[in-house]
Each structure stands twice: as C-alpha cells, then as structure tokens.
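**Student:** Below, each chain spelled out in residue letters.
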Amino acid sequence: MGDFLQALNAELSGAAPVLLCALTVGILASIACGVVGTFVVNRRITYLAGGIAHCVLGGIGAAIYARNALGWSLVDPIWGVQWISPLSGAMTAALLAAGIIGVVSLRFKQREDTVISALWASGMALGVLFIAATPGYQQDLMIYMFGDIILVSPDQLLPIAILDVVVLLVSLLFYKQFVAICFDEEFARARGLHVEFHYFMLLALTAMTVVLLVFVVGIVMLIALLTIPVAIASLFARRIWQVMVLAVLLSMSLTTAGIAISYGPDLPSGPMIIVLAAGLYLAVLVVKMLAKRMRRANITSLPGESAES
Amino acid sequence: MSQTHSQSDRLAVDIRDLWFSYDTTPVLRDVNLAISPGEKVCMVGPNGGGKTTLVKLILGLLRPTQGQVRILGGPPATKRKRIGYAPQHAVFDPKFPVSVTDVVRMGRLGHTGVIGPYRRDDKIEAAAALEAVGLSDLSKRPFSDLSGGQRQRVLIARAIASNPELLLMDEPTANLDIGVETEFHHLLERLSEKLTLVMVSHDVGFVSQLVDKVVCVHGSVAVHPTAELTGELMNDLYGHDIMLVRHDHNCQDHSHPTERHDG
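Chains A and B, in that order, give the protein sequences.
When we follow our numbering, the leftmost residue of the first sequence carries the number 77, and every step to the right adds one.
When we follow our numbering, the leftmost residue of the second sequence carries the number 2, and every step to the right adds one.
One thing to keep in mind: the hints can contain errors.
Simulated restraints on C-beta separations [unchecked claim]: (1) A:242 - B:22: 42 to 50 Å; (2) A:312 - B:213: 47 to 55 Å; (3) B:25 - A:242: 45 to 53 Å; (4) B:26 - A:375: 48 to 56 Å.
Source of the hints: derived by calculation from the structure; they are not laboratory data.
Beta carbons are placed, not taken as given, at the ideal position from N, Cα and C, and that holds for glycine.
Given only the sequences and the hints, what does the whole structure look like? Please build it.
**Tutor:** Given below as structure tokens:
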C-alpha cells in the first residue's frame, strides 16, 4: 500500500500518470457499471451481458490486426484521433453483438442460451485468431482477457468519459421505462410502450458498459463487477435507484481498493478487484445471516413476544 | 357497412368471428362478443379454456389468427392509453426492488412524458388510485413485503391510475385476504360506476352479484345474463361437479368467532 501511495504522489507531481489513469477509469466505469448493472440483474440478462463481453475480444483482435499487421490507421486529419483502436474495435463488436443477441433472444426464446453460447465462443475465437496473426501482440490477449491498469493511456480518457456520460444520461432519461419493462414487460406493452425498442436500448447500454469494464477488469471477469455490487446493494436497498446509488459507490470503492492493493506486490489489478468484490459479498452474506440468527435467538428467548415482530 | 361501423364505435369491446391459436390447435374458436360501455362482465371457464388469451387479445398483446377485435371503436393497439389492465400478482419476481408507489406510477406510462421522471399530475393520480384501493398507508413499503391480496389491490391501483374507460382484470379475487372481501366488493362497485369492467374470475359466487353478464370461455364463448347462472350451467362448463359457495357480505360476528378484520 505504501508503494501505491508513493507512486500516486509521484504522479500527482508530474510523473507518467499510469495509476491516475487507471483510478480515473475505475471511477468512471463504476458509474455506468452500477446503473446499468442494476437493470441487467433485475431484467435477468446477465447471460446476455456475458455473451456481449466475450464477443468484444473479436473486435479488439480485429482492430489490433488491422492496425499492426495491415498497417491501417485511419488518422482523423482534424482531431488527430486514430479511428482504429482497441477501444473502437471493442465498441463496434459490443454493439454488433448486442444487436444480434437481442434479435436471438426475442426470436428463439426457449433456445436463446444455445445460440448465445455459440456467439459467445465464436466472438472470442475470432479475437484469439486475429491476435495470433498479429506478430508481437500475444501478451495483449492476456491483458484484455484479465484486465490490467496499463490498458488505459491518457489519450483514451476522453472517449471513455464520453461513453460514460452517454450511458448515464440515457439510463436516467429513460429510467421509468427501463424500470417498467424490467418489472413487468407485458404491462409496459399494454400501456403502449415500445418494449422491443427499449430492450434494444438497454442492450446497447449494456454493450457500452461492458466496453468500459474491459478496461478495468478485463473481458472474462467483468460480468462479476457488473453483478456483485448490485447483489450486495440489493441486500440493503429496496428501490431501483437506491440499488443503483449503492452499487455505484461499492463499485468505485472496490476498483480503487483493488488497484491500490495490487500495485505494491505487482499483481494484476483486475483479478484483485474481483476477489475483493466476491469476498465482500460473502462477508456481507455471512454477517446478515448471523444477524438474522441472533435476532431470532433473541426473539425466542423472550417469553410472550410474538415471533412476527 | 357504415352502419355496422358506427355500431362498433359505440361498443367498448367488439369481437367478431375471432379464431386464435398459439400453434396449430385453436385455443379460441369462432368467438363473437359485444360489450357495451358501462357493462360489467365476468369471464369464467376452466383452466386452459382461453380466458387469459381472450384478455390479451382485447389488450392487443396477441393478434387474432382470424377475425377482428375492436376496442372503443378502433384496433386495440391504438386504444391502449384508455385501457387499464391488472394481471395476476403471482407472476412477479419477489425480489424486485420497487416500492408500492413505484408500481402504481407505472400505470401512468403512456400518459406521462417520454423523457425524464414522472410528473406532478402522475404522482397525484397514482396517489389517488392507491387511496381508492385503500392502501395509501402502504405507499412507501416494498412491493415484495405485501400479502398476495394487497399486491393484487396495488395492481388494480396501477390499472386505474390512468383513469381508463375499460378496465380488464385477471383473477382480481384470487388470494384475497380474509376480511377484505367486503371492502373489495365495494371497490369493484365503485369502479364499475365509471367504466366498463371485464374481469376473469373463478369466484363466480362472489362476482355474480356485481356483473351484468357472465361470459363462459371454453374454446368457444357463450354469454349468459347473470340471472341464468345456475349450478347446472357451471357443471356443464367446468365438466364436473363444482361447489357454488354462498357469499354473504354481512357476516354475523358470532358465526365467525375466530375471524378478525385486518382493517
């Protein structure tokens, strides 16, 4: 932890801001993660989100291949932005996967898990092949799969921040519709809401959040960061917006703590964040269970008290 | 042609020559049903007889395989703002984090603005609807904390929050808490003064005092005035002996010594 604070201090006074970037992205991604994660968990589409996440590797692989093996760059003459990057590749693949998975889940209903599993693996296979075909990028595969703080460079902060703002804005502006279709799709339809449109919008938000999370914890484990803070928050909060606020705060704390703890011993930050999240969830469950048991013991030991109180 | 149309425009529900099947076996066969504005109708019939399917056809959630459904003078999908719908409470995820108020406000969708939170009049109408079903004091409680009967009343509040002209209720009397039957009966009476009421219920004894027509749905549809409703008819419909329970709504205290009203 001392190393972390020292390094942070050095960066604040001018060194290359690797840690600062990672912490900022962690905080930014946590906002989208808590908000969209709450919808994903309550609409029960975590499996769809997992599918989208793994398809992202295909896009990242394609971008790396196009840029490094084929030498395409597509530099914007005005802004100087490189349009082909792992971020843009991930974004394209995520939105495309969200669209396909959305259609599949509406059309195939009973067999949606089969089709999504197929997409899940194929997206990933494409990514592995693209990266294998690009000489010198083998270690990128590991980094994107499992997450690392070195993934984010300062010039990616702006697009990531924009993505975050878009996700947050859309989620809040259409909050009541999203809550309604998560709670009771049929009633929402009976009220004249365009349920499919909102469903696809929710999947697009999921796709964008997934891309943000790739840069924090990597493809394989991001589903845990999308769901665990929501699961913990749901133990305490009783309304959707309360779950969201709590999940965002938890997610921010977990990513920050994960990066801080993993920095000193030079461990990958992604897995550290997930282990912390799972550990916290387990701890909260155990404490809740013990508290319930103690309350029950208190009640039964008081004669004449009703067990319902 | 124009005459039949203007006739249809006056009807709350106008179903003609309707057939419906989910796959190949027809669930509903050659259904004709006309419900005038202000009428109170109960749908009865065995499980799998097509009651809920018929409700969903009226709502426009399902499309008829053949025939046509006109609601309030137009196709159902165009009239949704004027239809209230209360499904059965049992279909919800019990862990879903919403408060009673959150649920009732969903009834304002279609009336409220597209972007941003619910507006002031939505909140007022939702509160009034909750008041009408007698659950104002539970407004802040989580929906999942309520009893089955209370949830059912919340769903009715949600259905009437949009001040509908046509109210469809699927099994509103299922899981009703002991002691609130009378209250519930009064609620339905009050509601039915202002609107056209269509409900699905097994509890024929309970609703027969309230409705003008009983629609027997069993693949095909037969309409009976309430007066015709006899045990024999019900036996024919359900295909076996059923018990018609007598419902008094002024129970004598001494006949129910253990029962208390949970006001």
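**Student:** Confirm or reject each hint.
**Tutor:** Comparing the hints with the structure gives:
| no. | hint | verdict |
| --- | --- | --- |
| 1 | A:242 - B:22: 42 to 50 Å | holds, 44 Å |
| 2 | A:312 - B:213: 47 to 55 Å | holds, 50 Å |
| 3 | B:25 - A:242: 45 to 53 Å | holds, 46 Å |
| 4 | B:26 - A:375: 48 to 56 Å | holds, 54 Å |
In this structure, none of the earlier numbered hints is contradicted; all agree with it.
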